[in-house]
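Peer 1: Chain by chain, the residues run as shown.
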Amino acid sequence: MGLLSLAIWMPIAIGVLLLVLGRDDQARVVRWVALVGAIASFLVTLPLYTGFALGTAEMQFVEKMVWMERFNVHYHLGLDGISFWFVLLTAFINVIVVIAGWEVITSRVNQYMGAFLILSGLMIGVFSALDGLLFYVFFEATLIPMYLIIGIWGGPNKIYAAFKFFLYTLLGSLLLLIALIFLYTKSGGSFDIAIWHSLPLDSSTQTLIFFAFFAAFAVKVPMWPVHTWLPDVHVEAPTGGSAVLAAIMLKLGAYGFLRFSMPIAPDAAREWAWLMIALSLIAVIYVGLVAMVQQDMKKLVAYSSVAHMGFVTLGFFIFNDLGVAGGLVQMIAHGFVSGAMFLCIGVLYDRVHSREIASYGGVINTMPKFTAFALLFAMANCGLPATAGFVGEWMVILGAIKANFWLGLAASTALIFGAAYTLWMFKRVYLGPVANEDVKGLQDINSREFLMLTLLAIAVLWMGVHPKPFTDVMDSSVAELLKHVAQSKLN
Amino acid sequence: MTDTISWIAVFPEVILLVMACAITLLDLAVKSRLRTTTYLITLLTLAAVALLQALYASAGGTIYGLGNMVVSDAMGNWLKFFATIAVMVTLVYARPYAADRDMLRGGELFSLSLFALLGMFIMISGNNFLLIYLGLELLTLSSYALVALRRDHAVSTEAAMKYFVLGALASGFLLYGMSMMYGATGSLDVNQVFRAVNSGLINPSVLTFGLVFVVAGLAFKLGVVPFHMWIPDVYQGAPTAVTLMIGGAPKLAAFAIVMRLLVEGMLPLWFDWQQMLGLLAVASLLIGNLAAIMQTNLKRMLAYSTISQMGFVLLGLMSGVINGNIYSAANAYSSAMFYVITYVLTTLASFGVILLLAREGFESEEIADFAGLNQRSPLYAAIMGICLFSLAGIPPMVGFYAKLSVLQALIASGQTLHIVLAVFAVIMSLIGAFYYLRVVKVMYFDEPITATTVSAPLDVRAVLSVNGLLVLVLGIVPGGLMALCAQAVVQMLGT
Chain A
1 MGLLSLAIWM PIAIGVLLLV LGRDDQARVV RWVALVGAIA SFLVTLPLYT GFALGTAEMQ
61 FVEKMVWMER FNVHYHLGLD GISFWFVLLT AFINVIVVIA GWEVITSRVN QYMGAFLILS
121 GLMIGVFSAL DGLLFYVFFE ATLIPMYLII GIWGGPNKIY AAFKFFLYTL LGSLLLLIAL
181 IFLYTKSGGS FDIAIWHSLP LDSSTQTLIF FAFFAAFAVK VPMWPVHTWL PDVHVEAPTG
241 GSAVLAAIML KLGAYGFLRF SMPIAPDAAR EWAWLMIALS LIAVIYVGLV AMVQQDMKKL
301 VAYSSVAHMG FVTLGFFIFN DLGVAGGLVQ MIAHGFVSGA MFLCIGVLYD RVHSREIASY
361 GGVINTMPKF TAFALLFAMA NCGLPATAGF VGEWMVILGA IKANFWLGLA ASTALIFGAA
421 YTLWMFKRVY LGPVANEDVK GLQDINSREF LMLTLLAIAV LWMGVHPKPF TDVMDSSVAE
481 LLKHVAQSKL N
Chain B
1 MTDTISWIAV FPEVILLVMA CAITLLDLAV KSRLRTTTYL ITLLTLAAVA LLQALYASAG
61 GTIYGLGNMV VSDAMGNWLK FFATIAVMVT LVYARPYAAD RDMLRGGELF SLSLFALLGM
121 FIMISGNNFL LIYLGLELLT LSSYALVALR RDHAVSTEAA MKYFVLGALA SGFLLYGMSM
181 MYGATGSLDV NQVFRAVNSG LINPSVLTFG LVFVVAGLAF KLGVVPFHMW IPDVYQGAPT
241 AVTLMIGGAP KLAAFAIVMR LLVEGMLPLW FDWQQMLGLL AVASLLIGNL AAIMQTNLKR
301 MLAYSTISQM GFVLLGLMSG VINGNIYSAA NAYSSAMFYV ITYVLTTLAS FGVILLLARE
361 GFESEEIADF AGLNQRSPLY AAIMGICLFS LAGIPPMVGF YAKLSVLQAL IASGQTLHIV
421 LAVFAVIMSL IGAFYYLRVV KVMYFDEPIT ATTVSAPLDV RAVLSVNGLL VLVLGIVPGG
481 LMALCAQAVV QMLGT
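One line per chain: the protein sequences are A and B, in this order. The opening position of the first sequence corresponds to residue 1 in the numbering used here, with each subsequent residue numbered one higher. The opening position of the second sequence corresponds to residue 1 in the numbering used here, with each subsequent residue numbered one higher.
The set of hints was computed from the structure by calculation and includes no laboratory data. Be aware that a few hints might be false.
Stated by the list, open to error - Distance windows between CB atoms, simulated:
(1) B/Val466 <-> A/Met1: 21 to 31 Å
(2) A/Asn157 <-> B/Phe362: 53 to 63 Å
(3) B/Arg461 <-> A/Lys369: 49 to 59 Å
(4) B/Ile449 <-> A/Asn157: 29 to 39 Å
(5) A/Pro156 <-> B/Ser465: 27 to 37 Å
Just so it is clear, CB atoms sit at the ideal spot from N, CA and C, and this is done for glycine as well.
Can you make the complete structure from the sequences, with help from the hints?
Peer 2: Structure representation (structure tokens):
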């Protein structure tokens, strides 16, 4: 069994084990098994980092065997510079989520932990699948645990949110399925993504395929105007669910653009780039403004996620190396930062049971340690230099200016909006005098929460100060991708 | 193709017939409430027949017997194998339920089920229009009696009446269509009809006229719109154990007669019947999915879901011949066969859970009865959940691969119309996902209304767990079953 298979199946196996054997009266044991399992699953991804060869765009750690002979489907895994960091990010966030749910979740602990472990394995599968159908199976299968997580442990309006999440994303994915089967037929019976990359397609076919992919991936990212499910779902999902959703699941969509849309339909991607850029700019500017007027902290961070992901898609569709690499860096950074933001809201919510900004004020007086972390993550969310948030946004803006000055200028306004809504929220929640009895009675974070936020803080700072390891891994693959996209596939 | 008897071709049917009679007699001596002796002998018989069918099927080869009246080929043998297993599983699930409802005062449940299975066998292996019709009648007559097994239950009796009247009408359609075909071609033998139709010497209007009636009759039996009226009423009205007996294994037989009559007998008329199946499929997907949304009764909801699932099967069947070219036929028909087999597997497990939750004096057939099942019994909630996700076509459940293979068969044809149909089908499955998810929601998100623990006999628990697990495991490794269907259909088309 290869390393990638281990990274996928180990969390899934432990998750299934918890589901089958776990009992509510042994919640303690269940938590520890889940934590050990999550850490072990993270550790098995580390040899991927040490073993990853730089300077090549070839797939690495490739595993390939026949899965379904009849449809020529292969169990085909591999990593390149584009997908590499997401595997580690997923495994890392999984550890954090298990810690975050430690004493917060008291009912059906084994199902909670099991669902997250299985979800993490499935998402690693999405990032490492090199076979179209295998990708789809992992991509869709993630809906089931997430649906249950939102519906069982979510807030008051959880059922609406769970259905909205499932059906909204399923609609997009079904069109993706049609496109995949179409490509299978067109390529003479192959689901191999590499073969699809070099498959000549005429202009109208490319456009159809591009928009079928768009339906699936844009909903997942989510891009304006199909982003409306995200705020609803984030508000109702439990803290861990929000963190995984924002940190990893949104990236599945953006990753799909790089792995499918752009290389398979490059001519259509170039032809429709104006539309993608326009939608991204709307997300960055308009959704940024929408975020500013939110009363609910989770909704605010959800809209901020949409705006940040707008940066990612903007970077992708300006077709230069700074833009694409910047988009990727932004995805990883947003994984850390948005995850951390949601966990911070979770810390407050566990104590006061309110997500309204108006219920807080002056938290710094009672929770100084926590506020320090919150400040760091807020700064990272605004894109302050030396935090993770800065690197990606900076690269995308540079790339945009290279492509078109006005585009770069429009994109950089987002930094102002980002700073505005994040800092304003920070001021209203944390600064000032103690606002009410609830805030007065707050206990500062315990060692478990301290550990969880420290891990994320290290990641955020490390990526901000020393982003080279991240970009080094990407460079060759991004260059290769852009070279490929620049060539016409029309015949 | 000689006029030899070849008893070996009908060996399983003979065993089944003898044992069905023997068990009917033997049961007179059985006194226990659960009819354990009858039950065990029935299961042993079925196991033996299943084993025999599996041996026949894996040996391959096509044997014609009884003067070309019956055929034993890989497709038929596999379908008979799965039908036997399905009846076995049904009986395991049905026994405690039936005992609680006074349906085991005699052993009719077992002997009628055996006769019904014999009917399915004859339908599957019949190579002659009249024999296929006789098999169908044996199946449906046994089914009418099964539905009415709870004599003192008004709803069941009403369902039996409805089923009988509409079923007789459908049989009439089918028989009339067959007689037209006979009049046109001068033969009842499937192969000879094929040759006669293929010669092109026969008046096409008579053929088409007969074909319309045959297709209408088949549509009744498959339960597709607009011939679906009986399905919701019978599914809901029949005792749940019998619902499973009607909704499970017979789908395999219905698929088989569609293959025998339309593909083996009337392939040259592909243009006409593919068009009809296409219309039926579209109507079934539309009505089945939309009507299912409104149901509060789980059995009725599953009935409408069956209608839409059969629409998918028809989509597979209608994409076999493209512009007179049959190069994609094996692909299309094997996808439909895979669909039917996995559908039956999923239906067995989902009805198994419904049966298991039913107690004496409580039917557990409203969706609301499943509230909070996850807290009462995580295992059965998980099995039901797996089935529902499978029916909705979400990977990694086996239902996804069934939908995938049908969609693939549609898209492989390269026809714009077929691609539009594929898009229509996936949009309909999105609607389908909604009502399946609603049941998952009730089981997982709602609080239980009763704290009654769920208990079941060991055999039911074991079979149900394996059954539910198979829906998931076949989804992770679907290759074997797909290859099996493909080989069976290729062999059938070759002869």
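Peer 1: The structure should be examined with respect to each hint, and the outcome stated for every one.
Peer 2: The hints, checked one at a time:
no.	hint	in the structure
1	B/Val466 <-> A/Met1: 21 to 31 Å	holds, 26 Å
2	A/Asn157 <-> B/Phe362: 53 to 63 Å	violated, 32 Å
3	B/Arg461 <-> A/Lys369: 49 to 59 Å	holds, 52 Å
4	B/Ile449 <-> A/Asn157: 29 to 39 Å	violated, 21 Å
5	A/Pro156 <-> B/Ser465: 27 to 37 Å	holds, 35 Å
In summary, the structure is inconsistent with hints 2, 4 from the numbered list given earlier, while agreeing with the others.
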